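2 protein chains.
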Amino acid sequence: PEGLKEKVLNTYRKTKEIGQEDPRRVIHALKVGLTLTLVSLFYYYQPLFDNFGLSAMWAVMTVGVVFEYSVGATLGKGLNRALATLVAGALGVGTHYLAELSGQTIEPILLSFFVFSQAAIVTFMRFFPKIKERYDYGLLIFILTFALISVSGFREDEVIEMAHKRLSTIFIGGSACVVISIFVCPVWAGEELHSLISLNLEDLANFLQAFEELYFRTSKEGDCKDDRTALLEGYKTVLNSKSTEDSLANFARWEPGHGRFKFRHPWDKYLKVGTLTRQCAYRMEALNAQLNSNLQASPEIKRIIQEACSAMSLESAKALRQLGVAMSTMKKPYFANIHISNSKSASESLNSLLKSSLWKETDLLSVLPAATVASLLSDIVACTEEIADAV
Amino acid sequence: PEGLKEKVLNTYRKTKEIGQEDPRRVIHALKVGLTLTLVSLFYYYQPLFDNFGLSAMWAVMTVGVVFEYSVGATLGKGLNRALATLVAGALGVGTHYLAELSGQTIEPILLSFFVFSQAAIVTFMRFFPKIKERYDYGLLIFILTFALISVSGFREDEVIEMAHKRLSTIFIGGSACVVISIFVCPVWAGEELHSLISLNLEDLANFLQAFEELYFRTSKEGDCKDDRTALLEGYKTVLNSKSTEDSLANFARWEPGHGRFKFRHPWDKYLKVGTLTRQCAYRMEALNAQLNSNLQASPEIKRIIQEACSAMSLESAKALRQLGVAMSTMKKPYFANIHISNSKSASESLNSLLKSSLWKETDLLSVLPAATVASLLSDIVACTEEIADAV
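Respectively, the protein sequence lines represent chains A and B.
According to our numbering, the first sequence is numbered sequentially starting from 1.
According to our numbering, the second sequence is numbered sequentially starting from 1.
Among the hints, erroneous ones may be present.
If several chains are the same, the list does not tell them apart, and a pair holds so long as it fits within one copy or across any two.
What the hints assert, rightly or not - Capping the alpha-carbon separation at 25 Å, the derived lysine-lysine pairs in BS3-like fashion look like this: (1) Lys236 with Lys272; (2) Lys130 with Lys16; (3) Lys262 with Lys272; (4) Lys236 with Lys132; (5) Lys7 with Lys132; (6) Lys269 with Lys331; (7) Lys132 with Lys242; (8) Lys269 with Lys242; (9) Lys130 with Lys7; (10) Lys242 with Lys130; (11) Lys344 with Lys331; (12) Lys236 with Lys130; (13) Lys272 with Lys331; (14) Lys130 with Lys269; (15) Lys272 with Lys242; (16) Lys262 with Lys242.
No lab work stands behind these hints: they were computed from the structure.
Model, not experiment: these values are computed from the prediction.
Construct the complete structure from the given sequences, taking the supplied hints into account.
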């Protein structure tokens with residue numbers, strides 16, 4: 001019983017953690033429950049049930065399958081499902097009548113042939129990357145509905161009524177999902193993407209700051225190192241953010257205008273900024289390796305390049321932070337340009353420092369790590385500038 | 001009509017291209033068609049239809065939804081669906097009897113309450129990362145089935161029979177999918193992961209080779225440059241391969257033993273190699289930036305470091321290629337170790353070269369790009385060694 005108690009407590013803690021991390025998750029769960037309960041009213045309320053009968057279950061099914069976390073995903077799935085049902089239903093009814101004309105013996109053969117070929121063709125279509133991206137779910141529903149309607153027709157005579165009921169119940173279920181997901185505490189995929197991108201920029205800025213402190217001021221204060229390392233790790237989530245960004249942008253395209261975003265907001269631009277941010281993060285990965293490498297520049301050498309390098313990383317960090325703020329408030333980043341030109345001039349002074357004759361006495365191997373750091377930092381400065389252009 | 005003809009031709013070309021890229025896609029499409037047709041026999045064959053009646057549509061639905069490209073994904077979805085239907089069906093029937101005891105007026109209220117709370121709780125559970133990874137689909141089906149069975153019970157008296165029919169048709173549809181996907185030209189997710197990882201290693205090796213040629217032998221032969229650039233770009237797909245690898249490993253865990261892979265093959269190790277490969281690719285991204293940067297080392301300086309750097313990149317490339325081959329044949333990479341120690345000794349001779357006094361006359365700025373290249377290359381050598389340890 002001790003072990004069990006432990007497990008229950010652990011689960012409780014985990015649950016609380018996930019709920020607190022993003023309280024909208026709890027709300028989402030309640031929304032799904034609410035919609036499902038609303039739709040199941042079809043079964044309890046006599047006049048509604050008289051209309052639809054057992055087809056009401058399609059409404060329940062639709063709610064369960066279509067309701068997703070963000071508005072965009074819900075809308076996309078709902079529209080896909082409704083459209084696919086409409087088209088496939090119509091084609092299915094047509095096929096049914098066509099097959100019926102051919103007589104009792106050939107009918108099943110013809111039907112099987114149609115079902116086989118539509119399933120094969122549509123399944124193959126799902127491999128087209130562009131179609132897969134937006135209409136994957138719709139094609140799946142197309143296969144299902146076509147098979148259901150045309151094959152059921154063999155047994156039931158009221159095919160049209162069946163198709164009609166399926167369509168209208170799916171429509172009801174789908175619109176219930178869409179309405180509730182839009183009007184009750186909506187979670188917009190566009191807004192998520194928007195804040196994700198600016199948070200990523202913020203993460204990179206944190207990294208640069210933490211890197212500057214750790215690289216040039218290691219020995220001074222060792223106590224707050226843990227804190228720094230946390231900031232240092234932030235960029236790692238940026239490295240693998242591509243798939244999240246892509247799917248959010250894909251959902252966001254389905255969303256109607258809301259708040260600060262119009263319909264047809266240029267979501268592609270966000271992806272562009274995201275790609276540049278990742279490129280910057282790749283450089284940081286290389287920088288981070290320098291921080292942990294066992295080949296370190298001597299303190300004297302570090303001291304020589306410290307001023308310029310510190311300025312480069314801190315000013316780039318400020319610029320990135322400004323760009324992040326500008327992204328999230330959707331204003332022009334006035335201050336960012338100042339910081340960028342500061343970091344560029346620091347990079348130039350570093351260059352002239354390197355050209356100077358200070359170095360004749362030292363051997364190249366001991367300068368190498370510092371030189372790498374310097375060159376990666378100037379790469380980052382260049383990246384930052386590109387991001388600024390794209391914002 | 002000219003424009004239309006153009007479009008049709010384009011679509012035809014695209015289709016051919018996608019089919020030729022991976023002919024198994026065509027086979028997959030045919031397999032789905034075949035399974036769907038087989039399952040729809042339920043409707044045509046009288047004795048079968050007598051048994052299941054209209055519930056046969058669940059079998060059709062299951063085939064459409066469960067059949068995925070790889071065996072692992074199909075098995076995972078099928079098992080999830082079957083288990084979830086079983087558990088939720090049992091609970092739904094229980095709830096139905098419980099609610100029935102309470103009398104006609106309270107019954108709908110109780111049922112609604114149950115449906116609401118299970119939907120909310122299970123939806124929230126879907127946010128747990130570990131559960132989401134493997135049982136997401138099962139939880140979805142749980143919500144649906146529970147709602148369907150318990151709510152339909154309000155109208156139909158034969159709840160048990162309904163639940164039983166739903167379960168057995170889903171079972172039939174699911175096993176049809178699993179059998180066909182395993183025994184007709186199977187596509188194993190494990191095998192895909194296996195070859196993806198070794199292809200990625202190959203891509204990195206190609207990059208290093210192409211980099212060596214482009215960086216040190218630019219001016220000699222400009223004609224075959226296009227060919228090189230294609231090899232140079234290969235590493236870029238590696239950068240974002242994480243999500244593909246994760247999902248393949250996830251599917252592979254569902255698969256039974258096949259060919260060279262046992263059940264419980266250590267798929268996690270593949271992910272580890274994948275992560276190291278990506279880390280190596282990040283360094284290459286930085287190297288690639290050096291190749292295109294406008295601050296280039298002068299030809300004389302390049303010539304000095306050429307021997308050591310060429311050896312480093314070519315030997316690392318050979319080592320990576322050997323590791324890729326070793327991965328795909330599952331043998332110990334004997335030759336890789338030789339190449340790795342070669343590249344390490346090249347890296348050491350580069351170090352002593354840098355320590356030497358050859359450099360006094362040149363200013364540091366012009367050495368910087370070359371130094372960065374050298375240091376990144378030694379990072380890559382280190383990464384390669386780590387990969388070799390992990391393989």
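Alpha-carbon proximity context of Lys242 and Lys130, limit 25 Å: Both. Shortest intra-copy (17 Å) and inter-copy (21 Å) distances satisfy the 25 Å Cα cut-off.
Intra- versus inter-subunit Cα pairing at 25 Å for Lys269 with Lys242: both (14 Å within a copy, 23 Å between copies)
Lys262 and Lys272: within-copy, between-copy, both or neither at 25 Å Cα: within (19 Å within a copy, 43 Å between copies)
Homomeric proximity label, Lys236 with Lys130: Cα distance no greater than 25 Å: Result: close only across copies, 20 Å inter versus 29 Å intra.
Alpha-carbon proximity between Lys344 and Lys331, which holds within one copy, between copies, both or neither at 25 Å: within (23 Å within a copy, 51 Å between copies)
Copy assignment of Lys130 with Lys7, given that the CA separation must stay at most 25 Å: For Lys130 and Lys7, only the inter-copy Cα distance (16 Å) is at most 25 Å; the intra-copy one is 45 Å.
Alpha-carbon proximity between Lys130 and Lys269, which holds within one copy, between copies, both or neither at 25 Å: Intra 18 Å, inter 33 Å, cutoff 25 Å: intra-copy only.
Homomeric proximity label, Lys7 with Lys132: Cα distance no greater than 25 Å: between (41 Å within a copy, 19 Å between copies)
25 Å Cα threshold - placement of Lys16 relative to Lys130: Between. Shortest inter-copy distance 16 Å satisfies the 25 Å Cα cut-off; intra-copy 39 Å does not.
Within, between, both or neither, where Lys132 and Lys242 count as close if Cα-Cα is 25 Å or less: The answer is both: 17 Å in one copy and 20 Å across copies each meet 25 Å.
Up to 25 Å CA-CA - Lys331 versus Lys272, copy category: Answer is within; shortest intra-copy Cα gap is 18 Å, inter-copy 42 Å.
Up to 25 Å CA-CA - Lys331 versus Lys269, copy category: within (15 Å within a copy, 46 Å between copies)
Of the numbered hints stated above, none is contradicted by the structure.
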